[in-house]
Amino acid sequence: MKLEVNGVNREVRSEPLTPLLDVLREELDVTSPKAGCHAGGCGACTVMVDGKPRRSCLIPVAAVDGASITTVEGLGTPKDPSAVQQSFIHHYAAQCGFCTPGMVVAATAYIDGGGSDDKDEIAKAISGHVCRCTGYTKILDAIAAATKQTEFDITIIAPDPTTVTIGGSE
Amino acid sequence: MKAVGARLPRYDGMGHVTGHTRFVDDVRVPGMLWAKALRSPHHHAAIVHMDTSKAAAMPGVHTIVTWEDVPLLEYGHLSGLGIPADEPLLARDVVRYKGQPIALVAADDEETASAAAAAIEIEYEERPALLDVRLAFDEDAPKIHHWGNWYPHFEEEMDVRQIRKGNIDQAFEDADKIISGVYRSSAIEQAPVETQVGLAVPEPDGRLTIYSCTQALYFSLGVVAAHLEVPLNKVKIVGGTVGGGFGGKVDTATDTVIALAAQKTGRPVKWRWTREEEFLASSTRGPWHMEIIDAVTNDGWILGRKMLTLHDSGAYARFSPYGLTKHSFHHTGAYTIPNLHFDGYVVFTNRVPSTAMRGFGVTSISFAGETHMTRVANELGMDPYEIRLKNANRVGDTSPNRIRYTDPSTVDVVKAIANAEGRDLEPALAGMTRATRSGEMLPPHLVDQLDTSEGSH
Ligand code: FES
Ligand code: FES
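Chains as they are written, first to last, in this note's numbering: chain A, 36 to 205; chain B, 1241 to 1697.
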């Protein structure tokens, strides 16, 4: 079997029924898709299969023989991050980072498919993705912003206009 | 100081969004074996017979670690504080919760390890299980540990965390009304998206390197070295990137057992829990049973509080005594009650052991205490904001454990909530500050508890 992974052709020797997730992680050493549940429930293993977001833990590799697979590493690099990746950093949408590869792939697919900055629509697009850290708000903000903008400041040190001071001064 | 109040980029943000962050399961070393556990299928049972020989002889199996391989079998997470050891690393003759690990198989791959774990011959004799903390506290409840269902874990013979302050009998004599309530909170699984995982690598110099998802590196270091009975410098723990923990990765879940498997085989061993194992066997926030009886006056002062707390520690104590201690110090919440009689017990049940989760010990009393404040207000026919502001902690008030509050924020928080709800408070309440009590806000029953010293403790 063969896969094109992030633009590189790879030979696959795993058993045909091996989940695509295990082929990527254990055979091909592409470790960005994460195994949060191995049962289709968390979305952390999401990759693009021929441009569409799919849960790689649920797909037997034989079913996608010859397909083109894009993981989050294939969307941008630390030297040249994509708009979605920059927006996630700018908006603090990645906390522990474990759900992030799946979230960024899903967000990219949503925007590539012409998705708008409507938060309800975005919430629907990532509804199968579990994040235990962020509370989702920052992820929605990041995706909404990335539908409109392609560059984000990811190094800025500036006063935070949303900082709130609590309490009296006596 | 340019960082204060500023937006700083996350130092690990770029790694997270580009998939370059390395979590424990992403670490690759050559020659790695894979581990799977035999876990108890019962909440409570005696192990009457176990034979690992057939499983150990299966092709691809390298070792099976059982209690016999553990140098220090019983460990207490808080033994440094004088709390006795109660938990075996691997069950020996009794299992006290469903999912408790009994043996760990290290094999060429996870399928082989699972098959071998299932092939271990084991016979149980089921015992009655206690799954409710209140029922486990009954005198005639079946016993989970040989000393009973709670034990002396604080100073000497004390089997209870007590707080005594002021004159509780006087408070109840002086009360216009006595208002009681029972509050219970349930277990919560922290449910990080990364399940428990560890990788132990034996080094040529005899040391062990352990890649760990722990939230508490130095803690795990101590736990592993203690069980293995080796000096700390024989173990190196590599951590740093945790795929979510929320307290659930404070207890050392995988590191010690894989360390033993790596020692036995001389090979690296990785053990990663399935989502099902995570929900079944990883420690949770514990349930609490809280009974509050308040002595109150018709104009809304709380003169005294009697309280009984039962903290469900699950089958083993771990950090629960610490959680209960925090709970006792906070059992009046954000309010000042001068006369107190608090008894708290760490009670064993046949649940998975309880552990840390954001403010454990304190969130339970916040829930019970705030619910009770509203109940008191309702029974007196009073405004719930007024009763809170009256009894709110002020500068110079003292906590249940006699700490002087130097900068309590109750007044500001209650006023902010009223504001957010669009409530107009009476001028006397609206003008209230956290400053030291005086005038009408210093009734006779609150005079003696004031700490007028200027310094902070
Ligand atoms: S690992 Fe595939 S959905 Fe959770
Ligand atoms: S950032 Fe931790 S699970 Fe989403």
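Among the hints, erroneous ones may be present.
Stated by the list, open to error - Covered, in the sense of this in silico footprint (three residues per stretch, anywhere, with C-beta under 8 Å from a C-beta of chain B), are these stretches of chain A:
#1 95-105
#2 122-129
#3 149-157
#4 170-176
To be verified - Not close to chain B: a few residues of chain A, all C-beta gaps over 12 Å, as computed:
#5 D64
#6 E186
#7 I189
Because the hints were derived from the structure by calculation, they are not lab data. Computed from a predicted model, the values in this text were never measured in an experiment. Using N, Cα and C, we set each Cβ at its ideal position, and we do this for glycine too.
Return the numbers of the hints above that this structure violates; sort them in rising order. When the structure is compared with the hints, numbers 1, 3, 4, 5, 7 turn out to be violated.
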